[in-house]
Amino acid sequence: SKERTGVYNVKDSGLEYQHLKAGPPTPQDGEEFLLRFREGFGLNILHQEDDELVFELIGCDTSFANALRRILLAEVPTVALEYIYMWNNTSLIHDEVL
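Per this note's numbering, the very first residue in the sequence shown carries number 46; after that it's consecutive.
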């Protein structure tokens, strides 16, 4: 079982992380860092379909989770349209936004 190192408190100003206990300082690089990361890290797949994957990361820093989120978003294919011809826009959205 994974040991919880802290909790998030919901406040009006946003989320605040509170450490439950002080552990040994985490090294910033090297083999010891990777060993500690491997021991504490977990990834559970909660749901998987053809175009959807729901998972949870356990025992990692929020900066790691955010970096993973940014990488995944950057890898999503996008489409760019060069020429759009609009004859009559009857929607509430301005032409420039469409």
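Calculated directly from the structure, the hints in this document are not laboratory data. If you're wondering where the values come from, they're calculated on a predicted model, not measured in any experiment. From the three backbone atoms N, C-alpha and C, an ideal C-beta is built for every residue, glycine too. Please note: incorrect hints may appear among the correct ones.
[Claimed, not checked] For each label pair, taking beta carbons as the anchor points, the in silico distance ranges come out as:
| # | residue 1 | residue 2 | range |
| --- | --- | --- | --- |
| 1 | 120 | 86 | 18 to 24 Å |
| 2 | 91 | 137 | 35 to 41 Å |
| 3 | 87 | 130 | 34 to 40 Å |
| 4 | 118 | 88 | 28 to 34 Å |
| 5 | 89 | 55 | 50 to 56 Å |
task: Quick one: which hint numbers does this structure break? Sort them smallest to largest.
output: Hints 3, 4, 5 are the ones this structure does not satisfy, whereas the remaining hints hold.
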